[in-house]
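Enquirer: One letter stands for each residue in the lines below.
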Amino acid sequence: MQFDFNQTYFSLFGIEPRFALNTPELDRRYRELQAQWHPDRYASEDDSARRLSLQASTFVNEGWQTLKSPLARGRYLLRLNGVDTQEDTNTAMPMDFLMQQMEWREAIASARASRHLDQLERLNSELREEIAALEGLLGGQLDAAQWDAASTSVRKLRFLEKLDQEIGDAIEAVMF
Amino acid sequence: MALLQISEPGLSAAPHQHRLAVGIDLGTTNSLVASVKSGSASCLRDEDGKSLLPSVVHYGRDGEILVGRSAQTRQNDDPANTIVSVKRFMGRGLVDIGELATPYRFVDEPGMLKLVTRAGVKSPVEVSADILKTLKTRAEASLGGELVGAVITVPAYFDDAQRQATKDAARLAGLNVLRLLNEPTAAAIAYGLDNGAEGTFVVYDLGGGTFDVSVLELSRGVFEVRATSGDAQLGGDDFDHRLYCWVLEQAGLMTPSAQDQRLLLTRAREAKEALTEHDSTRITAVLSDGQVIDQELTAHDFQQLTAHLVQKTLLPVKKALRDAKLTAADIKGVVLVGGATRMPHVRRAVAELFGQEPLTNLDPDKVVALGAAMQANVLAGNKGDDDWLLLDVIPLSLGLETMGGLVEKVIPRNSTIPTARAQEFTTFKDGQTAMAIHVLQGERELVADCRSLARFELRGIPAMVAGAARIRVTFQVDADGLLSVAAREMSTGVEASITVKPSYGLADNDIARMLQDSMAHAQDDMQARKLGEARVEAESLLNALDVALTSDGDLISAEEQSAIRTSMDNLRHLSAQDNADAIRIAAEALNQASSDFAARRMDAAVRRGLAGQNIAEL
Chain E
1 MQFDFNQTYF SLFGIEPRFA LNTPELDRRY RELQAQWHPD RYASEDDSAR RLSLQASTFV
61 NEGWQTLKSP LARGRYLLRL NGVDTQEDTN TAMPMDFLMQ QMEWREAIAS ARASRHLDQL
121 ERLNSELREE IAALEGLLGG QLDAAQWDAA STSVRKLRFL EKLDQEIGDA IEAVMF
Chain G
1 MALLQISEPG LSAAPHQHRL AVGIDLGTTN SLVASVKSGS ASCLRDEDGK SLLPSVVHYG
61 RDGEILVGRS AQTRQNDDPA NTIVSVKRFM GRGLVDIGEL ATPYRFVDEP GMLKLVTRAG
121 VKSPVEVSAD ILKTLKTRAE ASLGGELVGA VITVPAYFDD AQRQATKDAA RLAGLNVLRL
181 LNEPTAAAIA YGLDNGAEGT FVVYDLGGGT FDVSVLELSR GVFEVRATSG DAQLGGDDFD
241 HRLYCWVLEQ AGLMTPSAQD QRLLLTRARE AKEALTEHDS TRITAVLSDG QVIDQELTAH
301 DFQQLTAHLV QKTLLPVKKA LRDAKLTAAD IKGVVLVGGA TRMPHVRRAV AELFGQEPLT
361 NLDPDKVVAL GAAMQANVLA GNKGDDDWLL LDVIPLSLGL ETMGGLVEKV IPRNSTIPTA
421 RAQEFTTFKD GQTAMAIHVL QGERELVADC RSLARFELRG IPAMVAGAAR IRVTFQVDAD
481 GLLSVAAREM STGVEASITV KPSYGLADND IARMLQDSMA HAQDDMQARK LGEARVEAES
541 LLNALDVALT SDGDLISAEE QSAIRTSMDN LRHLSAQDNA DAIRIAAEAL NQASSDFAAR
601 RMDAAVRRGL AGQNIAEL
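Chains E and G, in that order, are what the protein sequence lines are. Just so you know, we're using the UniProt record's numbering here: the first sequence kicks off at 1 and counts up by one. Just so you know, we're using the UniProt record's numbering here: the second sequence kicks off at 1 and counts up by one.
Derived by calculation from the structure, the hints in this document are not laboratory data. Mixed in with the good hints, there may be bad ones.
DSSO-like cross-link-like pairs, simulated, lysine-lysine; straight-line CA separation at most 30 Å [unchecked claim]: (1) G:K429 x E:K68; (2) G:K429 x G:K409; (3) G:K37 x G:K50; (4) E:K68 x G:K409; (5) G:K409 x E:K162.
Label pairs and their computed distance ranges (CB to CB) [to be verified]: (6) G:H300 x E:E32: 27 to 33 Å; (7) G:E249 x E:L117: 32 to 38 Å; (8) E:D84 x G:G199: 40 to 46 Å; (9) E:E106 x G:H300: 44 to 50 Å; (10) G:A434 x E:I15: 52 to 58 Å; (11) E:K162 x G:H300: 46 to 52 Å.
Computed footprint of chain E on chain G, listed as stretches where at least three residues anywhere in the stretch have a Cβ under 8 Å from a Cβ of chain E [said to hold, decoys possible]: (12) 315-325; (13) 411-418.
Everything numeric in this text was worked out from a predicted model, so none of it was measured. The C-beta atom is built at its ideal place from N, Cα and C for all residues, glycine as well.
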């Protein structure tokens with residue numbers, strides 16, 4: 001039994017290294033790979049087989065999670081092309097984008113404080129639309145090998161996903 | 001264990017031979033053992049024909065240990081030495097269990113409390129092991145042979161400490177744990193395979209002391225958990241307790257004796273059960289001072305008294321649906337598990353939330369054990385025609401303490417397991433040579449609100465300016481949902497030597513002591529297994545040291561090398577003989593003799609990694 005830990009997630013799942021994704025195909029391959037490598041398949045095997053299966057199954061899960069999420073997939077494609085998205089170091093964002101972020105934050109905070117579940121759900125769906133639009137843009141930039149622009153989009157998406165999480169937390173705080 | 005991780009010896013499969021494996025539902029109130037015989041799963045019965053074993057352990061005089069119904073009969077006259085619902089204490093400290101009425105004397109210890117009994121101070125792990133031993137004996141008598149392994153079920157919402165405690169209890173009972181399986185997932189296997197179900201299902205599992213809810217997608221032999229949630233301190237016991245408090249209020253009692261407490265709790269449970277079938281019941285008891293309790297209770301009143309508990313279960317249900325990005329309308333069926341789901345108002349609340357009648361065609365007491373038995377059969381290597389794949393998740397986020405007492409999430413809840421995540425650390429002071437890492441589990445932002453799983457220190461970082469050092473720490477969650485943490489040396493990718501087991505107050509030498517205690521009473525096959533294990537461990541340790549000495553022997557002096565070699569020869573010599581304890585002691589001695597060497601290898605590895613990093617950065 002052998003597993004190639006150096007292959008890319010795209011080659012692991014046997015799909016083209018592009019942003020556009022055939023999700024049902026990814027999921028189908030994912031189940032096939034787990035059916036082959038999951039630790040449950042090796043529960044009665046020796047130590048080294050069990051260790052390999054744990055690592056391979058973990059790698060498959062990581063790959064699936066990376067490819068499934070548009071943000072993680074975009075970041076991963078950039079990395080494969082030798083581009084560092086500098087998410088922790090490059091915080092210079094366009095001024096209008098930052099202003100918009102502040103407005104989002106204020107809207108979430110005020111809806112949370114006044115316990116307006118409807119308002120939070122509305123913000124949530126507005127944000128999801130914005131995220132979808134930005135993901136579309138990122139796909140185009142990646143296809144056109146516009147790495148700098150794609151990097152900026154990834155950084156922006158990271159901001160939006162954080163907002164998404166904040167809304168989720170706020171909804172939970174109000175609901176429960 | 002500094003040099004390598006040692007696991008249980010692998011079991012080599014003999015083909016064409018049915019390997020005996022069982023599923024065990026280690027419940028708060030009742031425990032069961034089940035097995036697959038000629039293709040179908042069934043619960044194994046005791047000599048009286050009963051499959052439910054009450055999870056009650058009585059520590060009697062002269063070292064007598066009673067488990068099950070015989071222990072239950074001692075509950076009222078000797079409550080302090082009769083442990084019920086011990087599952088509630090697994091991996092828990094005194095502060096966690098709150099104001100639950102119990103007749104026990106506790107000793108609070110870091111991580112997990114202990115109970116004072118006639119037989120000495122007992123950890124919940126030891127009490128649980130006594131229950132598991134009884135089930136193991138029953139299974140071996142019933143199946144007519146030695147077990148190759150067992151699947152033990154745990155509440156999906158159990159955290160790492162509770163899982164680790166359960167696995168240790170099984171180990172202590174002499175069971176080879178094939179897998180810790182989440183209870184709702186086990187139920188889904190039994191239900192799904194029985195009914196050929198396809199689609200998205202919810203398992204609502206209200207047991208004696210825990211509540212779990214899982215959202216699963218069933219499709220062509222794949223059981224995929226989409227989200228799980230729950231409350232590890234909520235179950236049928238709480239309904240009993242509420243009723244018990246009501247009885248006290250009605251009778252104007254303030255502080256009943258331990259014996260009266262136990263008696264009234266038992267009466268409360270009986271009344272709860274009676275109200276499943278009847279519209280009203282009487283609670284009658286004669287207390288130790290002669291006072292007579294005689295109260296009438298209607299089903300309506302009982303439901304009012306406990307409505308808040310039913311409501312409390314609905315929050316995790318909504319949370320799990322939200323995490324799975326689904327609504328109640330997307331759910332094809334709701335499977336009820338756990339004896340407490342027999343209460344009519346629980347069923348009604350679930351039916352109302354989902355707009356459909358829940359599925360109850362499997363016995364809610366047995367379905368978990370049956371599913372566990374099916375999984376055990378597959379894991380033991382008895383592959384039948386039908387084969388399935390389980391994809392389960394981690395119930396609670398794992399995180400690290402960052403500055404200001406905050407938690408940074410490293411692995412989010414509902415991540416499919418096994419999973420791993422690496423995090424890079426750096427120093428924040430000039431010349432800093434050590435770094436503390438604190439691993440936590442939970443969803444809250446503050447360290448104080450999450451469960452502390454492990455604290456450890458990385459030492460030997462060479463003094464550099466702040467921010468220059470970089471050490472990669474990997475968090476691995478295995479298929480049992482258990483966490484291990486390892487530091488990795490970065491430039492060569494060699495796995496470095498820190499592996500941290502989450503601590504819950506039960507140190508490894510505690511386990512060793514308990515193992516030895518139980519070994520004293522054990523049978524010969526246990527001795528044989530212990531010897532086999534000790535030999536395998538000794539062999540791996542010797543192999544690892546051989547490799548390490550060949551590659552890194554120059555890190556230590558000739559004297560140190562020769563001391564290690566002498567200790568290795570001693571272990572080799574003892575391994576050829578039949579005394580497992582002697583092998584273990586020699587292995588421990590070798591571990592100690594080589595711990596300096598291990599530390600230096602770690603230092604060297606980290607330094608090599610940092611040196612590489614430095615050059616790259618200059």
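Enquirer: Each of the hints needs a verdict: does it hold here or not?
Expert: Checked hints:
With a C-alpha separation of about 39 Å, the suggested pair G:K429 and E:K68 falls outside the 30 Å cut-off, and the hint is violated. For the hint linking G:K429 to G:K409, the alpha-carbon distance of about 24 Å falls within 30 Å, and the restraint holds. A threshold of 30 Å between alpha carbons decides the hint, and for G:K37 with G:K50 the separation of about 18 Å falls inside it, so the pair holds. Distance restraint check for E:K68 and G:K409: the Cα-Cα separation of roughly 20 Å lies within the 30 Å cut-off, and the hinted pair is therefore satisfied.
The hinted pair formed by G:K409 and E:K162 meets the criterion: a straight-line CA distance of about 13 Å does not exceed 30 Å. In this structure, G:H300 and E:E32 break the distance hint of 27 to 33 Å, their C-beta atoms being roughly 54 Å apart. Evaluation of the 32 to 38 Å hint for G:E249 and E:L117 yields a pass: the beta carbon distance comes to about 36 Å. Between E:D84 and G:G199 the CB atoms are about 43 Å apart, so this pair conforms to the stated range of 40 to 46 Å.
Taking the beta carbon of each, E:E106 and G:H300 are about 49 Å apart, inside 44 to 50 Å as hinted. G:A434 and E:I15 have their C-beta atoms about 45 Å apart, which leaves the hinted 52 to 58 Å range violated. At roughly 49 Å, the beta-carbon separation of E:K162 and G:H300 lies within the given 46 to 52 Å, and the hint holds. Using a Cβ-Cβ cut-off of 8 Å, 4 residues of the stretch 315-325 of chain G lie near chain E, which meets the minimum of three, so the contact claim holds.
Counting residues of the stretch 411-418 of chain G whose CB falls under 8 Å from any CB of chain E gives 4; the rule of at least 3 is met.
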